[in-house]
Amino acid sequence: MSTARMQEILIGFGKGKQTDIATANLVAAIWQLKKLNAALANPKLNTEDDAEEFGKGHEFPTQTFKTSWDVSGTLEKYLSAEIAAWAMAFGLGKVVKSGTTPNFTYTCTPLFPANGDAAELPYFSFVEQIRPGAGVVADRMAVGCVVEGWTLSLGSGPGRANSKITVEFVGSGKVTEPSGITMPAATLEKLLPSASLALSINGVNYVSNKNIVSLETSWKNNVRLDGGFYPGSGFQSPADATSGAIRGRLEFGNRQGTLKFVARFENGSTELTKLKSQATGTAVISLTYDANNSLEVTWQKISFATAELGETDGLVTVSVDCLPMWDETNGIVSAVVECGVDGICQ
Amino acid sequence: MERVFMKLPFGVGEPTEVDATPEALIPKMVAGWTQCPPPELPEEVIEDVDR
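Those protein sequence lines, which keep their order, are chains A and B. Going by this note's numbering, the first residue of the first sequence is number 1, and it counts up by one from there. Going by this note's numbering, the first residue of the second sequence is number 347, and it counts up by one from there.
All clues stand as given, with none of them false.
Coverage of chain B stretches by chain A, computed from C-beta distances (three or more under 8 Å per stretch; other residues unrestricted):
id, region
1, 350–357
2, 369–378
In silico DSS-like pairs for lysine-lysine, Cα to Cα no more than 27 Å straight-line:
id, chain 1, residue 1, chain 2, residue 2
3, B, Lys374, A, Lys97
4, A, Lys220, A, Lys260
5, A, Lys274, A, Lys210
6, B, Lys374, A, Lys220
7, A, Lys276, A, Lys260
8, A, Lys97, B, Lys353
Calculated directly from the structure, the hints in this document are not laboratory data. Backbone N, C-alpha and C fix where the C-beta goes; we use that ideal spot for every residue, glycine too.
Given only the sequences and the hints, what does the whole structure look like? Please build it.
And the structure:
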């Protein structure tokens, strides 16, 4: 019997969105990408038993019940234009696609139900395979997943590890085994390295003054997981009440954005001044591969929540936590991503 | 300049062409406009056809 190695894992997920939470992506809408983390998105079965029930003459369980299914996972990747477009579109939830090959532009903003948008995030399917076919070790598809959140991390240094994205996702609980998916060829990604950064925060260009050391920005949807189990939400096996309940919807909760950065602090640095004055401005984070592949995230209005002096590699630095705020015209955050792949979140 | 079709919040009214720039799109997206397919052109009826 041959040992299965983690390096054999194939992952694919919906590049296009599902028509609804229960209808899996077809293979034409699935792409294969690589990731850095080995962890699998294992379906978790929640069970109950009858230990506490009276009438059986003792305190021990005699029967178990499949209650519900949970699916969650994480994708950790070197940042590319392709994964950036996918994470921003599925993570923020609203997207306008323009352009033609090789330059498609995805303009992404959060959903606002007060203005007529849906409260449900766009859904995708997530496939994991290890030797699919006759020698199968694992072959499953989680149907009805949404992006719980994403984090962009940029650091100093030339390696790919200084520009990364981590995407967390959660699923309805519905799992199809075997997946029925013939994994497509891997998508070639255009990396967005840290050295390409353009950064302007609250009126200061931190790249032209050569002061930026590191930056982290994130978005979290705080998906209402319990709200997905409503009367009639359905079962793992349709119409089989013993197979365990699955979620019929995945809606965002109170969403949260974060932005923090570390920069060299010198004579003329304004971070402490702006903290005291609570001055506001935009934060624009841009990364570029070429004219057709780029990412620009704009926090439309931020102030400094904290600004503390410290040291990095023996140099005086300031660590700043920003507070993203609502702008009456442009909202809270937007992302404009250019890449050569069509149909993302369409 | 490329333009895309978008419809008003809550699907009210006819699709409108909008410049496909972040400056034009983002305020409309925040206000509830969503991208939609272009409207179907009315079928042309030719009354005088050579037989």
